[in-house]
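A.B. asks: Read off the chains here:
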Amino acid sequence: MSKAVDRPGAEEIPSAPGARRIKTGAGWGAARLRAAADWPARQVTTSFVLPAVLLLFFLSIFPLLVSAYLSLTRFQFVPGGFALRWVGLANYGKLLVGIEQSHFLGVPKPPTVVGWLLFGLAASVLLLFAVRGITSASGRRGVVGRAAFAVVAGAGIWLAVRTLTPGGFPGTLLTTLIYVVVGITVQYWLGLWLAFLCAQEVAGRRFFRVVFLLPMMITPVGIAYTFRILMDLGKGPFAPVWRALGLAEVSWANYAWGARLVVMLGDIWQWTPFMFIVLLAALESLPAELIEAAMVDGASRWQLFWRISWPQLIPVTSTLILIRMIEAFKIIDLPNVLTNGGPGTATESLTLHAFMAWRTLDIGGSAAVAYMLLFVVTFAALSYVNLAHRRLAEAA
Amino acid sequence: MARVWRVRRAPTALPAWLAVVFYAALVTWAAVVLFPLYWIVVTSFKLPIHVYAGPVYLPFVDFMPSLHAWRYLFVDLRNDTLRPFENTVIVALVSSTLALVLGTGAGYGLLRFHYRPRLSAILLFTATAVLVIAAMAERVHGLAAIGGGVLLFLLVRAVLGRSGRTVGNDDIAFWMISQRMLPPVAVVIPIYVMFQRLSLLDTRAALIITYTAVNLPIVVWLMRDYFRNISLELEESAAIDGASPYRIFWSIVLPLATPGLAATFLLVLVFSWNEYLFALFLTSANAQTLPLSIAAQNATRGPMWWYMSVLILIMITPVIAMAIALERYIAKGLLVGALKG
Amino acid sequence: MRRRVSWLLVSILLLLPLAGVTPAASQGKPFDGVTVNVLTFTGPQIAEPLQRRGPDFGKLTGAKINVITVPFSDLYQKVLTDVATGTNSYQAFVFDPQWMADFVTPGYLEELTSRVNADKALQWTDIMPFFRNFSATYGGKIYTVPLDGDFQMVYYRTDLLQQAGLKPPQTWADYFKIAQTFNKKDLNGDGTPDFGSCIAKKRNAQSYWMVWSVAAGYLQAKGTREGSFFDADTMKPLTNNEAFAEALRVYVQTGQYGPPDELNWDVGDSRSGFVTGRCALSIDWGDIGPLAVDPKTSKVQDKVGAVILPGSPRVLDRKTGKLVACTVQKCPYSTGGVNHAPFAAYGGWSGAINKAAPAKVKDAAYAFLSYMSQPAQSSTDVTIGITGFNPYRRAHFTNLAPWLKSGMSAAAAKNYLGAISASLNSANMVLDLRIPQNQRYQQIVLDTAIAKMLAKELNIDQAMKEITDGWEAITNELGRDTQLKAYRESLGIPTK
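Protein chains in written order, with the UniProt record's numbering: chain S, 1 to 396; chain P, 1 to 341; chain B, 1 to 496.
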């Protein structure tokens, strides 16, 4: 009887120590179950998560293992069909030290003085961070985590400093990171500002709410093509404006940063609504007492928002950033349709890199790029969850 | 009940200058959002030459609109436009509903209850599952493989006993969201093979299953946060009154979380409505969805903007209707605060 | 009321023939009850003629033709996934024969040699020799039925050249002279300056074919069998020598006379640019011809001429890697000392049959492909712009009537067909690369290096090194012998 309870992801120990880790989580469920820790009751709590866990498990385990295996092989046609030849880590080696290095990591150049300064600054902050991990009483796991974070983040900044120097070119890895960081920052503040505006008592706000959602509803491929025609300086709607400005001979498509900027513009247009709708819904479901009390005290609208509403949005904010981060790393349609990754490889994201390899049947190489992406995202997400998300979620 | 309808907003109207600033901001962003859409609408009435020869802006003023693209898609192709449309509607609605049902429960469970599965049990389960799948791939009969797997699992489980490290709710939640980290291009071929073995290729079922799984983590995470904002007291008093967890969840928690449900549903609906890569691989003739039709308009002679625009408009209209319908529920967030006050 | 009656009458009239024909149609036809799923990309090009002629074919033979389409960009992956995993949802494909090596090696395609030889109605020898002997053939065996002729030409504006007293370009130097003359002039009367030359240089689009159209004339001089990508004895790439460097210089220089955002132009842009009168010159497949005739798309009706790809008076000496002047021995196919090498980029859409299909279905599929290619059908189809089919048979050139019917003037039709047949009659046509995983050689290595060079990330020497190293890496990875054997087979050279 008891064995059946031990299914993974489903077991539940009513009086588990450390049950206070999630502040609001130590709710009535635990209390109730402490009172009646019998098997049927545990099945009830299990039944809330089990279907989701099982569906995810069975749909993810096989693809995950197979693609990991593919990344260690080389796909080739042989008489009678195809063969997967085991090549060990060759596909990864190609990206990190081999022929694809300049594509994946970029072309480094010695940093300028500013570069050195920035790197020095970042390195000392990271060092401080790692040292504080040793002195504070966060346990062995915390120290290792902090040290690992400091090393990887330091390497990332070193890469950025070296490839963003004049003469160097960032690879697909760094390009993707730039999209993620810039995209999320702009989208979040824009989405928050719009949600704030739409939560005000202004006439026609229902109209604005629906309008602001629109970009998200268009299929990403469609958005990418729409931006391609909008941004076309020969036959797009802004062509006459561009000519009138005397810029007829200049095109964003020839400049690495111009092209990246256009990709990011499309991304911001497309995904700000995602931030907007989630923040608006959160804003709308905030309890009213605090606001009322503060209003009685004569707080200004501005203060109300920053002191009362926004702090309560932090848990949602934190989740939102995590979800958007994971999605943003997978950006593909915009660079693929707008520029196909050009000029050169300036706008190519990691997913596009993987996709291009995959389209030419370099399945192993493509899986290796995808797995590198998985490592980067996992690292970023884990760091984020451990360094920011838990604290933010508990701060509320 | 009267308190429910009390408005919690600022009692005073906006000062005039602030209203102007707010309106300016709102209208600016609305223009930014609407202009590309306007361009799509206009383009759907253009002849190729109107697009090629530089921009024309206003139908009847600087060009003569033509219905050729609409006619081509609705008259000439008819079924090739309507069938994907029908598929898209069914797949998106069913999969979002399923994801919402499963994910809401899981999100709530992960917030309110404590799960402590053992790491050893998880690894054992994974290993058994891999063995069973491998056996089935080697054409062992499905029932025999699953039966053997269950037996093996129980046996080793009994030997190992109940000890060792456990994982917590946060780990489960993180595992769930991590399922979205691999780009679809990395997993599409294994998933294709999986559905091929299940003889589900080119069916709506394959897409529904895939989209449900792909959207689940988002539902779990967003709903968990919406539930977090709901006060515990109501639930606790109901629990003391002897209501079952199901009853509490259904009658107290869900109604309070309506805005979150509406927003989340809209989100996952949009995701499955617009998904491209899985749709491309898991379908061939019968179950194709509209994003494929849009991508297909870029063929050997360059993008056919006019057809593409029509398809984008066809695709976006139902979602707009849905957004307008759900917007009212998002607005009902008013109720939440009032009930608790 | 009267309206309703008339509707009723119309409906009855419409339904009568159906009622009469349907039962009769299913009696005693060779392929009654046979369904063939044909996969191609979502048209209207290519898919349209298949969809239009499928029912006609059905009436003749009883077979049901299902044309299934997927987006163009994903066709290759989709077909290969389907056959490699044994799903086999499709019995026939209309695809690009350049992919043949990837399909023939594992044995996914039905060999058609005996069927073709036994098929009188197909009139195999009427097909131009290049498409018959190289495009449809791999390792001496026939695997596809050509439905389209694809190779690149240079298009020019007849009106402009006439005004300026210039001749169509024979060499790239001529090309530059014309481009320079018209660059930054208003070429279509809209008051804005236009461009001397428009070439699709967007990354991961068609740029890697365009650059080869320039390079071909420098690299290959001794006939199709010589090949232009590798040394046919050692599999060493021909991309690190004076000739290729010169070709890259030419390719970069065309940018001086192009639109400012040419790096982001694909053929969709260059075609629309040319037919709206914004470009004096362009390199393209046969598509501009029919597009320029269509009033829905074109502002340059009857002002478009085509000419064989410009050549070079100097060619690669394969022993020394130097660029040397043409002589009769070095360039046996040259005209006036200029070596032309028309590049059959992509290869022309062709029909192939899935080997795993049931025998009866294969017969029906073959009969359909043959039907599509027979002169009775194809002579009309190649003149219709929407089909995307370009001429590939002698019969398509001899009969001008369908061309005039399609809206071309007699002079334009003669000029267009003249350029096509000049290219097709050349024994020095260049075969596109057809070895296993050619997409990695071209679409990844070549294309990326060219894109970086155009974006000034690499200079010409660095680009050549990157291409050569990249190609060598793939060759070593896949096995030099395998790749060399395939390269020789694609050119029809017997294996040593």
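For the record, the hints were derived by calculation from the structure and aren't laboratory data.
Since we're looking at a predicted model, the values are computed, not measured.
Just so it is clear, CB atoms sit at the ideal spot from N, CA and C, and this is done for glycine as well.
Any given hint might turn out to be false.
Computed footprint of chain S on chain B, listed as stretches where at least three residues anywhere in the stretch have a Cβ under 8 angstroms from a Cβ of chain S [claimed, not checked]:
{"id": "1", "segment": "220-234"}
{"id": "2", "segment": "301-308"}
{"id": "3", "segment": "331-343"}
{"id": "4", "segment": "438-444"}
Keeping only pairs whose Cα atoms sit at most 30 angstroms apart, straight-line, the calculated DSBU-like set for lysine-lysine is [said to hold, decoys possible]:
{"id": "5", "chain 1": "B", "residue 1": "Lys485", "chain 2": "B", "residue 2": "Lys330"}
{"id": "6", "chain 1": "B", "residue 1": "Lys185", "chain 2": "S", "residue 2": "Lys235"}
{"id": "7", "chain 1": "B", "residue 1": "Lys167", "chain 2": "B", "residue 2": "Lys303"}
{"id": "8", "chain 1": "B", "residue 1": "Lys303", "chain 2": "S", "residue 2": "Lys235"}
{"id": "9", "chain 1": "B", "residue 1": "Lys456", "chain 2": "S", "residue 2": "Lys235"}
{"id": "10", "chain 1": "B", "residue 1": "Lys405", "chain 2": "B", "residue 2": "Lys120"}
A.B. asks: Take the hints in turn and mark each one as holding or not.
C.D. replies: Evaluation of the provided hints:
no.	hint	in the structure
1	220-234	violated (count 0)
2	301-308	violated (count 0)
3	331-343	violated (count 0)
4	438-444	holds (count 4)
5	B:Lys485 / B:Lys330	26 angstroms, holds
6	B:Lys185 / S:Lys235	18 angstroms, holds
7	B:Lys167 / B:Lys303	14 angstroms, holds
8	B:Lys303 / S:Lys235	22 angstroms, holds
9	B:Lys456 / S:Lys235	26 angstroms, holds
10	B:Lys405 / B:Lys120	28 angstroms, holds
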